[in-house]
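Visitor: Here is how the chains run, residue by residue.
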Amino acid sequence: MTLLDFARGPALQWSLIILVTGIIWRIVGALLLSSRKDLSVARRKSGLNDGLGAIATRSLPAHTFEKRIRFQHVTGYAWHLALFVTVLFFGPHILFFESLLGFSWPALPNGIVLFSAAVALAILIALLIRRANHPVQKLISNADDYISVILCILPLLTGILAFAHIGGRYETLLAIHLLSIEALFIWFPFGKLMHSAMTFPARFQAGTSFGRKGIKA
Amino acid sequence: MSALDSIAVQAEYETGNVVPLLHEIRHALERLLNGEDGTVIDMRSLPLAPGEEKRIEDALGKGEVHADLDALGPTTILETSYPGVWLITHRNTEGEVIGRFIEVTRFPSILESQPEDIRTGLTALGNRLAEDSA
Amino acid sequence: MRKDQNLGEYLRTQGVSRRGFLKFCSATASLMALPPSAVAQVAEALASARRPSVIWLSFQECTGCTESLTRSHAPTVESLIFDAISLDYHHTLQVASGEGAEEARHAAMEENDGEYLLVVDGSIPLGNPGYSTIAGISNLDMLKDTAKGAAAVIAVGTCAAFGGIPQAFPNPTGAVSVSDIITDKPIINVSGCPPIPVVITGVLAHFLTFGTIPELDHLGRPTAFFGQTIHDRCYRRPFYERGQFAHTFDDEGARKGWCLYELGCKGPTSYNACATVKWNEGTSFPIGSGHGCLGCSEPGFWDHGSFYKPISAGLWGSKETLLGAAAAGAALGIGSAMAARARKNKAIKESEADSS
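Residue numbers (this note's numbering), protein chains in the order written: chain C, 57 to 273; chain R, 6 to 139; chain V, 11 to 366.
The following block holds chain C by itself, in its conformation from the complex (with noise of 0.2 Å):
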């Protein structure tokens, strides 16, 4: 069996097992916890709206800091629309979605897909090196938080590495890029990745109970 077999199959299998598993397990495990009983008397009564709300406002700008955190603010945005684009649009992505999932979608142009890769990898490297000197958030940075990011440089760096077909063979430059991802996808429900999950639920979660104890969330 050659790397990029063993990359494509049983590698690619165990991997999503484990990324699937985790996930569910996480999640269910989650919406299950118990939370005592709320005896206090609610100040009015909270649902959809107060969710909703919550996750609206927690993903604007918060204007009383937003001079302080713009930079983390741009650079989040622009990371993630990056990442979304360069993995839901590219060409061969997206067959290999379809390879899974049994259906497409249109790709992008490749000069488009290639340039928001670049773009997510460069930001991703300096939000790095800003971690690791920044007192505050080297302070408040752990293992997780490291390898997660690193987790997310190396496909990134692969994946345009084998497009470009620079540092080796196209066969083991595709196997190492599959292979990057395929860790990602291990680590992906133990670490910080879970937030991807876990952001929108908890959000909401937060603007319902703050909307019953007459909170603007």
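In short, the hints are calculated from the structure, not lab data. Small disclaimer: the values here were computed from a predicted structure and weren't measured. Cβ coordinates follow ideal geometry from the N, Cα and C atoms, glycine included. There could be a bad hint or two in this list.
Simulated DEER-style distance windows between Cβ atoms [what the hints assert, rightly or not]:
(1) R:R31 x C:I185: 42 to 50 Å
(2) R:G56 x V:S58: 28 to 36 Å
(3) V:E125 x C:P66: 41 to 49 Å
With the hints as your guide, set chains R and V onto chain C.
Guide: Chains R and V in isolation, oriented as in the chain C frame:
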């Protein structure tokens, strides 16, 4: 004409190799004028789309010299419309192309008479004269 | 050609002029994928080349490699090269059969001990020696015996080079490649199913011309022919760069000759010379005819999944297993939530008991 020839083949592919090749030829011509060695480009080493070889031929055009030689099958030597750029096509005795080259040179060496052949010819001529006088 | 003659002398006795010989050399250099500047070197080496003895063994194969070579074309440079070698044993082509054929092989081996070239096509079954025999001799024994005195071995075709179709899953005969058995001789792998005839003769020409083994890649293939991928040299490559793909074999993209990546083309991972040398006297190659590359020059090409599955697609796409994983995840989640609840209730009870 075989049955295959009656199928109209559409060949409008473009690899983008034609223009770089013409640039390469231009540089080779400049080097030749500067007294440097000539250049030979093996057409077999170029990834060409269907129809592109023809397009290269058309782009180079036909010049003043057209020579045919018959050695292990026919070979055509054509000076293109750009003096110093020659198109050489070697064929085997069956007429199949066995090699195709663009040669940037003042005079393709394959046309020169070779010392070994001159020697053979000289001997033959000597023998003939000896026979005639005998 | 007499054995004491060199190729230059032989061609002159055949009435070939020096000019003809130079033409032959340019074609041969082109055949060997050497730069045109190497023609003088080729001419010098070829003029004094001696006629090597070649023994050709065919094991578990379909004769496609021999067909590729012999049906390539009528009198050509390649056939001149074949005039220049002494093909002493090839059981598809030779007149002798049975004992006579085997005698010819032994005679050639004795006469040219340590100097003959061994060409092998087909894989060797290790499962049972009876799976493939010639004159009652198993392929394994014949290969070992004949390779002993060879100067070098050329494994022609993917079967001989890497195991090929006989080795494809589940490999019923226990087929292996030449290099799995012969480890003490230089081996040149000329893979392909079949290999491009020009590539077979190009390698023979190299050995004939220089008497040496050409530069090889990590799989033992001559880099002159296997140094770049089909994709690297494909005329459709610009479409790949622009992201223009044929989605089916008869859509607009297919008609416009766009890249066949989505239709499973293995060009990006296949090393061969088809895109430049092409087939049938340089007429075309699979991609030129609108079909993706199968990757026939690569080890295990039968077992890399469907020929029509894109390279970037997973070799495994079973939704059932993923549904199973989701179910397992849900069970784990329910289990851990229940356990958490139990711990919590216990803690509450304990704290209530403490406070009361």
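Visitor: If a hint holds in the structure, say so; if it does not, say that too.
Guide: For each hint, the structure was consulted:
| no. | hint | in the structure |
| --- | --- | --- |
| 1 | R:R31 x C:I185: 42 to 50 Å | 46 Å, holds |
| 2 | R:G56 x V:S58: 28 to 36 Å | 42 Å, violated |
| 3 | V:E125 x C:P66: 41 to 49 Å | 47 Å, holds |
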